[in-house]
Amino acid sequence: MAASSNPMIPLPYRVLRFKQETHDTFTLLLEPANGHPDFAFLPGQFNMLYVFGVGEVPISISGDPAEPNLLVHTTRVVGAVTKAMRNLKPGDRMGIRGPYGRGWPVREAEGRDVVLVAGGIGLAPLRPTLYALMENREKYGRIVLLYGTRTPDDILFRRDLKDWGGEFDLEVYITVDRAKGGWRGNVGVVTTLIPRAPFDPHSTVAMICGPEVMMRFTVQGLHKRGVPLEQIYVSMERNMKCGNGFCGHCQYGSLFVCKDGPVFHFDQLQNWFDKWEI
Amino acid sequence: MVTKPTAPSVGPLYILDRNDLDSLLRVLTSNGFTLIGPTLRDHAVVYDQIESSRDFPAGWSDEQAGGTYRLIQRDDEALFGYTQGLQSWKQYLLLSHLKLWEARKNSKEYQLKEEPLQREKTAFIGARACELRAMAIQDQVLLRGPYADPYYQSQRERLFIIAVECGQAGGTCFCVSMNAGPRVEAGFDLALTEVVEKKRHYFTVRIGSETGRKLFAEVPHREAEEKEAAAAERIVKNTAQRMGRVLDTSDLKNLLYRNLEHPRWDDVAARCLTCANCTQVCPTCFCTTVVDSMDLTGKQAERRRYWDSCFTLEYSYIHGGSVRASPKSRYRQWLIHKLATWCDQFGESGCVGCGRCITWCPVAIDLTEEVSAIRESESQRR
Amino acid sequence: MKTHEPQLTEHPFLKGLEPRLLTLVTGCASHVRFNAGEYVAKEGDAANQFYLIREGKVAMEIYRPPEGVIIIQTLSDGDVLGWSWLVPPHNWRFNFRAVELTRAFAFDGTCLRNKLEQDHDLAYELFRRFIPIIVQRLEATRLQLLDLYGEQS
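These protein sequence lines map, in sequence, to chains A, B and C. Count the first sequence with our numbering and you get residues 1 to 278, in order. Count the second sequence with our numbering and you get residues 1 to 382, in order. Count the third sequence with our numbering and you get residues 1 to 153, in order.
To be clear, the hints were calculated from the coordinates, so they are not data collected in a lab. Beta carbons: idealized from backbone N, C-alpha and C, even for Gly. Don't take every hint at face value.
[To be verified] Examples of chain A residues lying across from chain C (beta carbon under 7 Å, computed):
1) T149
2) P152
3) R178
4) A179
5) W183
6) V187
7) V213
Using the sequences and the hints given, assemble the complete structure.
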């Protein structure tokens, strides 16, 4: 999408709509401000988002890849930039650089069962994948989403999940870490959903996104169930200052999360995944 | 001007008399080049803008060891008789402080203005083999990835390099171990070897590029005789045999990959101050950070890029904390990046054996020693 | 329970139990069902049963003023419910309440406790099956403790 040959120059985008998703998570819908062309992105890619004068942060794209005229980002408020983003109104400008990174294995998963395991805000980087899978539903076997979040109030994209469940034969299992009495769903960590989820482990491609600890135990749980490690993909997160492979900050072992990731085939991570402070 | 390592120059060896060196420098200035070369300042050899050979540290050498740097006087008037100073040429290519752009806000919109790229022609006088290798390594990182750094590229493109082969090895040098010197192989326009004899002071010169050939043609010179070539050869060979350090690089990447949890890391961590000196003096370290700021009116913003170091806590900060909180993890990150993961990332080692990190570490941590310790303990366990 | 034995014996929890021990265990078993909202057990009650859930969902609840009732965990198809019957003073530590219609096998804890005392082979086999489940629950609970999706993460 970059119109400038200088990869450090953001392109101006205009806020179309602000949507509060949960108490600390919101979605921004953006469109190009200067009439520059729409851009294509792959599910799993991210942009560097700039708020005038405040700073820049890497955030995964959470929209539909089949709708390139609309740029969608869902994020939690975690620092100065995301706090400033929460105060944006329709018409406000943001600077966008991207899309960067390697995406989810939507193509590789064709002909197989697909299991997506999302933890918390991790559902946002997976949503474009869900759109892409639904777009070509007949190319996939069973599609199962295991989604864990803190409480029922933190469940993201409720309506999407319900619609997909009904219309596109997406099996959604949700669990929360705690709930008030009256909740009729599951309570427990997301790994507890793995043993009973309806998929064939041997022919499944698994895509996991969430806090690192959750991903680590999820990989173990899937592997225990019989999913070969080479069919598991995870999305990593590290500090980023450029998104282009220059600043060095996002290094994770020998990998640059910005250009070798953020989606990684588990094989690539074998040296690093279980090492502390790496 | 060379941006890619060229094949080793084959061709005649020339002689440039010491007194004609200034003619060469004048040819460069008259062709619009700004000269950067070694000078003396604050009891050290530093790179700075120079006018003529009078600015070089004639007759000076240096003594280097772990955490030690000292200038010492030579008994001759060699112009390049020192090893290297704390800086590398990196400060002119990957600028330590660079404004990228500024933006002006107008109600909801803002107009962005890019800073113009460097257009100045620069000549580096006295680049060593290890430094040329370091430039080639940084080229790989900053120019040949999925994106090219346009700022680095424009600095790099307008460069004329006069390389100098080392006539003495430093106390912390190990370029031989890294196959990065002392002989200058590629990446230069002209390569000089300084020969100081009782009655004569001259340079042997190799041509490394078309621009080098053109500019050198304007300076008095002649072809070298066999004994002159032999003298230069002897000097470089001598240097190679007197390296201050050795690094065993056999299977080094895998050695370090196998020992990510070795107790030696705790040992180093007890000494390391995470002061980041090593990353500043290292000619291949390339990490930067970006700072966005705004003036008090809220209408003017800018983005600047600065050198950064993996030794800081902020470097690996993601919401909640730093991934590498302990000094141990930060030292380990630096070392395994330099000597191991760099190989997987860029196809070569990140280290050129210049020894600056050893010389300028306030507590004299020596990475050749750290690697040795890990290697030895492994062979003991077997 | 003879007519129910095949379903019971197929249950992963009892798989591999030798016929003699199986008969001992199934001798203490019965069918139960709980409607949505019904309590399976209440905190403080004497714990003299454990359950193998066949299908349905049971919530483990705790009352925490001023918030009220909090659900800490849910158990469903195939899960084992209750081990307080094994551990003195044999009291339920939490409330267990069916979230939806739940069918289960119930085991008479008093009856089984006596058998365990006499038959150490039986004791070994039962403990061998309970321990991995407890370990798994503990691990899952520890992950919950981390509050992975909370403010800090």
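Quiz item: Would the stated hint for A:V213 survive a check requiring a Cβ distance to chain C of less than 7 Å?
Solution: holds (6 Å)
Quiz item: Are A:P152 and chain C close enough, Cβ to Cβ, to be under 7 Å, as the hint says?
Solution: violated (10 Å)
Quiz item: Is the hint on A:V187 kept, meaning its closest Cβ partner in chain C is under 7 Å away?
Solution: holds (5 Å)
Quiz item: How about A:T149: closest beta carbon in chain C under 7 Å, or not?
Solution: Interface hint status for A:T149: holds (6 Å vs cutoff 7 Å).
Quiz prompt | Interface restraint verdict for A:W183 against chain C (beta-carbon cut-off 7 Å) | solution = For A:W183, the interface hint holds, since the closest Cβ of chain C sits about 6 Å away, which is under 7 Å.
Quiz item: Should the hint that A:A179 touches chain C count as held when the rule is a Cβ pair under 7 Å?
Solution: holds (4 Å)
Quiz item: Can the hint on A:R178 be confirmed by a CB-to-CB distance to chain C that is less than 7 Å?
Solution: Because about 6 Å separates A:R178 from the closest Cβ in chain C, which is inside the 7 Å limit, the hint holds.
Violated hints amount to a single one, hint 2; each of the other numbered hints is respected by the structure.
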